[in-house]
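Could you slot chain X onto chain W? The hints should help.
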Amino acid sequence: MGLELYLDLLSQPCRAIYIFAKKNNISFEFKHVELFKGDAESGKLNILKKVPALKDGSFTLSESTAILLYLSRKYNTPDHWYPSDIQKRALVDEYLSWHHTNIRANAPKTMWIKLLIPLFTGQPLPSEKLQEVMEGLSASLKQFEEKFLQDKLFVVGSEISLADLVAVVELMQPVGVGCDIFEGRPRLVEWRDRVEEAVGKELFLQAHEMVLNIKELSNIQIDPQLKAQLAPVLMKVLQ
Amino acid sequence: MELFLDLFSQPCRALFIFAKKNNIPFELKHVDLLKGQHMTEEFGKVNALRKVPALRDGDFTLAESNAILLYLSRKFKTPDHWYPSDLQKRARVDEYLSWQHTGIRAAGCKVYLSKVLLPLLTGKPFCPEKVEGAIEELNVVLKQFEEKFLGDKPFIAGSEISLADLVAIVEIMQPVGAGYEIFKPRPKLAEWRARVEEAIGKELFQEAHKQVLNAKSLSVAELVPELREQMACMLLKLIN
Numbered sequence: 001m002g003l004e005l006y007l008d009l010l011s012q013p014c015r016a017i018y019i020f021a022k023k024n025n026i027s028f029e030f031k032h033v034e035l036f037k038g039d040a041e042s043g044k045l046n047i048l049k050k051v052p053a054l055k056d057g058s059f060t061l062s063e064s065t066a067i068l069l070y071l072s073r074k075y076n077t078p079d080h081w082y083p084s085d086i087q088k089r090a091l092v093d094e095y096l097s098w099h100h101t102n103i104r105a106n107a108p109k110t111m112w113i114k115l116l117i118p119l120f121t122g123q124p125l126p127s128e129k130l131q132e133v134m135e136g137l138s139a140s141l142k143q144f145e146e147k148f149l150q151d152k153l154f155v156v157g158s159e160i161s162l163a164d165l166v167a168v169v170e171l172m173q174p175v176g177v178g179c180d181i182f183e184g185r186p187r188l189v190e191w192r193d194r195v196e197e198a199v200g201k202e203l204f205l206q207a208h209e210m211v212l213n214i215k216e217l218s219n220i221q222i223d224p225q226l227k228a229q230l231a232p233v234l235m236k237v238l239q
Numbered sequence: 001m002e003l004f005l006d007l008f009s010q011p012c013r014a015l016f017i018f019a020k021k022n023n024i025p026f027e028l029k030h031v032d033l034l035k036g037q038h039m040t041e042e043f044g045k046v047n048a049l050r051k052v053p054a055l056r057d058g059d060f061t062l063a064e065s066n067a068i069l070l071y072l073s074r075k076f077k078t079p080d081h082w083y084p085s086d087l088q089k090r091a092r093v094d095e096y097l098s099w100q101h102t103g104i105r106a107a108g109c110k111v112y113l114s115k116v117l118l119p120l121l122t123g124k125p126f127c128p129e130k131v132e133g134a135i136e137e138l139n140v141v142l143k144q145f146e147e148k149f150l151g152d153k154p155f156i157a158g159s160e161i162s163l164a165d166l167v168a169i170v171e172i173m174q175p176v177g178a179g180y181e182i183f184k185p186r187p188k189l190a191e192w193r194a195r196v197e198e199a200i201g202k203e204l205f206q207e208a209h210k211q212v213l214n215a216k217s218l219s220v221a222e223l224v225p226e227l228r229e230q231m232a233c234m235l236l237k238l239i240n
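Read top to bottom, the protein sequences are chains W and X.
Just so it is clear: in the first sequence, position 175 is 175 by the working numbering, and no numbers are missing.
Just so it is clear: in the second sequence, position 3 is 3 by the working numbering, and no numbers are missing.
One or more of the hints may lead you astray.
Computed list of lysine to any residue pairs in SDA-like fashion (alpha-carbon distance at most 25 Å, straight line) [unchecked claim]:
(1) X:Lys45 <-> W:Phe154
(2) X:Lys75 <-> W:Lys129
(3) W:Lys152 <-> W:Gln131
(4) X:Lys75 <-> W:Pro83
(5) W:Lys50 <-> X:Ala48
(6) W:Lys50 <-> X:Lys153
(7) X:Lys77 <-> W:Pro108
(8) W:Lys55 <-> X:Leu87
(9) X:Lys89 <-> W:Phe59
(10) X:Lys21 <-> X:Glu198
(11) W:Lys129 <-> X:Glu137
(12) W:Lys31 <-> W:Thr101
(13) W:Lys147 <-> W:Cys179
(14) W:Lys22 <-> W:Lys55
(15) W:Lys74 <-> X:Asp80
(16) X:Lys130 <-> W:Arg89
(17) X:Lys21 <-> W:Pro78
(18) W:Lys50 <-> X:Lys21
(19) W:Lys152 <-> X:Asp59
(20) W:Lys88 <-> X:Lys29
(21) W:Lys31 <-> X:Leu87
(22) W:Lys88 <-> X:Glu27
(23) W:Lys147 <-> X:Ala48
(24) X:Lys89 <-> W:Ser84
(25) X:Lys237 <-> W:Pro108
(26) X:Lys130 <-> W:Pro232
(27) X:Lys75 <-> W:Gly157
(28) X:Lys45 <-> W:Gly157
(29) W:Lys142 <-> X:Ile239
(30) W:Lys50 <-> X:Lys29
(31) W:Lys147 <-> X:Met39
(32) X:Lys130 <-> W:His100
(33) X:Lys237 <-> W:Gln131
(34) W:Lys129 <-> X:Glu229
(35) W:Lys88 <-> X:Lys148
(36) X:Lys148 <-> X:Ser159
(37) X:Lys237 <-> X:Leu142
(38) W:Lys129 <-> X:Ala106
(39) W:Lys88 <-> X:Gln88
Quick caveat, the hints were computed from the structure, so don't treat them as lab data.
Predicted model only: the values in this text are computed from it and were never measured.
Okay, chain W solo, but in the shape it has when bound (with noise of 0.2 Å):
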């Protein structure tokens, strides 16, 4: 038993290790956990449980970032990624840690707003819910395009490495539900197009094709029971 990666690709964090292992070819066993559906044994939706996971013989590991330290740190990943330079290196922890709180509290409410909670509540939200979060949105971008990349090529200078993996996938969310963030932002589309070369295009979009394919989503016969088990978490995204 080597190791399992448990993963949904719709999911942003999941997206970034699944590139991440693959462009490193790190074997792993992908184990598709579908956050909108319920788990057979538990009854649970799996959404409830968190997603990305890790298992690597009996060690456990949640959290993306840490899930992304430690596969560099096991397989020997290329310098760039994570750069022993402790300088560079500290800027990527500057931009991960960030991420957090800015880019990542307020694009992945895109989907949600748009898609999600419409699909789990058979009604429309109020545009002024999309428009409030679009502004938060904005806002980040901005900081990340004045502080983060500047005049640069990727946010830690000359070649990828975690950093813009991480915000890439984050940025994509938004785009899978019409919400095109790279419109009217030249110098960020320049970015993307350097991350998806780094990264390679066929990897990209493969790790990318279901986001990008959303509204298959909203097709899906969703079970009653597993609507009201949502109710509550779908609240709490919502504030």
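Frame of chain W; chain X shown alone:
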């Protein structure tokens, strides 16, 4: 090397304790948030995000306490237990440092903001429903902390204190500063806290927490009205 800190802020306390405990030479630059000193042009050059803590080491500037703690641990080669070289123990520290942003930190902040800081900034009494809601959230994450991160271990990564415990304790002390009794009903947490205090050194721990534990001493008298309103607005968004 300069560390720009306000001990009123949890992540600043983690840095202060870490640097002092490890005898890391630094110049403490006090950025008084309640006097709006984070909005000066000078500080903007250190951290464009206008947040504390921040570090300046020659030409190199750095924000985000997790990043600064790790940078210091590497540059000054602090004892291994702070950020263990063992892959799995290190991963446990990373796991906590990641989760806590939206876990303990978020919940602890909400309690403090709604109970102490917002009333101070707006001049209005605190909203009981908001505070109650924040406390409920905090109870949930404290339970997660005890069950998932601490378990039966003396510290988060095992038998010795690490950055994870340090970051956790300073965040938990914030709602304590708001008058919320966290440790009495949670004996396991209280024992963990006692161990952390001892590992850090009681005197250093008290020194770092003097300010936040003295809510009555807080004043926004030196804050200009526009900035006061701006801060109140921003904080209101955070707790909603």
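The hints, checked one at a time:
1. Taking the CA atoms of X:Lys45 and W:Phe154, the gap is about 22 Å. The hint holds against a cut of 25 Å.
2. Between X:Lys75 and W:Lys129 the CA atoms are separated by roughly 45 Å; this puts the pair beyond 25 Å, and the hint is violated.
3. Restraint check for W:Lys152 and W:Gln131: the C-alpha separation of about 30 Å exceeds 25 Å, so the hint is violated.
4. A threshold of 25 Å between alpha carbons decides the hint, and for X:Lys75 with W:Pro83 the separation of about 14 Å falls inside it, so the pair holds.
5. Only pairs whose Cα atoms come within 25 Å are accepted, and W:Lys50 paired with X:Ala48 is rejected, the gap being roughly 33 Å.
6. For the proposed pair W:Lys50 and X:Lys153, the alpha carbon gap of about 23 Å is at most 25 Å, so the pair holds.
7. A distance of roughly 38 Å separates the Cα atoms of X:Lys77 and W:Pro108; the hinted pair therefore is violated under the 25 Å criterion.
8. Between W:Lys55 and X:Leu87 the CA atoms are separated by roughly 14 Å; this keeps the pair inside 25 Å, and the hint holds.
9. Using a Cα cut-off of 25 Å, the hinted pair X:Lys89 and W:Phe59 holds, with the two alpha carbons roughly 10 Å apart.
10. For the suggested pair X:Lys21 and X:Glu198, the alpha carbons sit about 12 Å apart, so the restraint of at most 25 Å is met.
11. A hinted pair counts as satisfied when its Cα atoms are at most 25 Å apart, and W:Lys129 with X:Glu137 qualifies at roughly 22 Å.
12. For the given pair, W:Lys31 sits about 28 Å from W:Thr101 by alpha-carbon distance, which is inconsistent with the 25 Å threshold.
13. The suggested pairing of W:Lys147 with W:Cys179 holds, with an alpha-carbon distance near 23 Å, which does not exceed 25 Å.
14. Between W:Lys22 and W:Lys55, the direct Cα distance comes to roughly 17 Å. Compliance with the 25 Å bound is thereby established for this hinted pair.
15. With a C-alpha separation of about 18 Å, the suggested pairing of W:Lys74 with X:Asp80 holds against the 25 Å cut-off.
16. As the CA atoms of X:Lys130 and W:Arg89 are separated by approximately 39 Å, the hinted pair breaks the 25 Å bound.
17. Taking the CA atoms of X:Lys21 and W:Pro78, the gap is near 34 Å; set against the 25 Å cutoff, the hint is violated.
18. Between W:Lys50 and X:Lys21 the alpha-carbon distance is near 36 Å, which puts this suggested pair outside the 25 Å criterion.
19. Proposed proximity of W:Lys152 and X:Asp59 is supported: the alpha carbons are some 17 Å apart, at most 25 Å.
20. Of the supplied pair hints, the one linking W:Lys88 and X:Lys29 holds, its CA atoms being roughly 24 Å apart against a limit of 25 Å.
21. Restraint check for W:Lys31 and X:Leu87: the C-alpha separation of about 23 Å stays at or below 25 Å, so the hint holds.
22. Taken as a hint, the W:Lys88 and X:Glu27 pair is honoured in the structure, with Cα atoms around 23 Å apart against an allowance of 25 Å.
23. The straight-line distance between the Cα atoms of W:Lys147 and X:Ala48 is roughly 7 Å, inside the 25 Å bound, and the hint therefore holds.
24. Distance hint between X:Lys89 and W:Ser84 is fulfilled; the C-alpha atoms sit about 20 Å from each other, no more than 25 Å.
25. As the CA atoms of X:Lys237 and W:Pro108 are separated by approximately 18 Å, the hinted pair is consistent with the 25 Å bound.
26. Of the pairs offered as hints, the one joining X:Lys130 and W:Pro232 holds, with about 18 Å between alpha carbons and a cut-off of 25 Å not exceeded.
27. A hinted pair counts as satisfied when its Cα atoms are at most 25 Å apart, and X:Lys75 with W:Gly157 qualifies at roughly 21 Å.
28. The straight-line distance between the Cα atoms of X:Lys45 and W:Gly157 is roughly 20 Å, inside the 25 Å bound, and the hint therefore holds.
29. Distance check on the hinted pair: W:Lys142 and X:Ile239 sit about 23 Å apart at the alpha-carbon level, within 25 Å; holds.
30. Taking the CA atoms of W:Lys50 and X:Lys29, the gap is about 40 Å. The hint is violated against a cut of 25 Å.
31. About 16 Å separates the Cα atoms of W:Lys147 and X:Met39, which keeps this hinted pair within 25 Å; it holds.
32. A hinted pair counts as satisfied when its Cα atoms are at most 25 Å apart, and X:Lys130 with W:His100 qualifies at roughly 23 Å.
33. For a cut-off of 25 Å, the pair hint linking X:Lys237 to W:Gln131 stands: about 14 Å separates their Cα positions.
34. Pair hint W:Lys129 plus X:Glu229 holds up; C-alpha atoms about 23 Å apart against a cutoff of 25 Å.
35. Restraint check for W:Lys88 and X:Lys148: the C-alpha separation of about 32 Å exceeds 25 Å, so the hint is violated.
36. With a C-alpha separation of about 16 Å, the suggested pairing of X:Lys148 with X:Ser159 holds against the 25 Å cut-off.
37. With a C-alpha separation of about 23 Å, the suggested pair X:Lys237 and X:Leu142 falls inside the 25 Å cut-off, and the hint holds.
38. With a CA separation close to 21 Å, the supplied pair W:Lys129 and X:Ala106 stays within the 25 Å bound.
39. Between W:Lys88 and X:Gln88 the CA atoms are separated by roughly 23 Å; this keeps the pair inside 25 Å, and the hint holds.
Violated hints, listed in ascending order, are 2, 3, 5, 7, 12, 16, 17, 18, 30, 35; each of the other numbered hints is respected by the structure.
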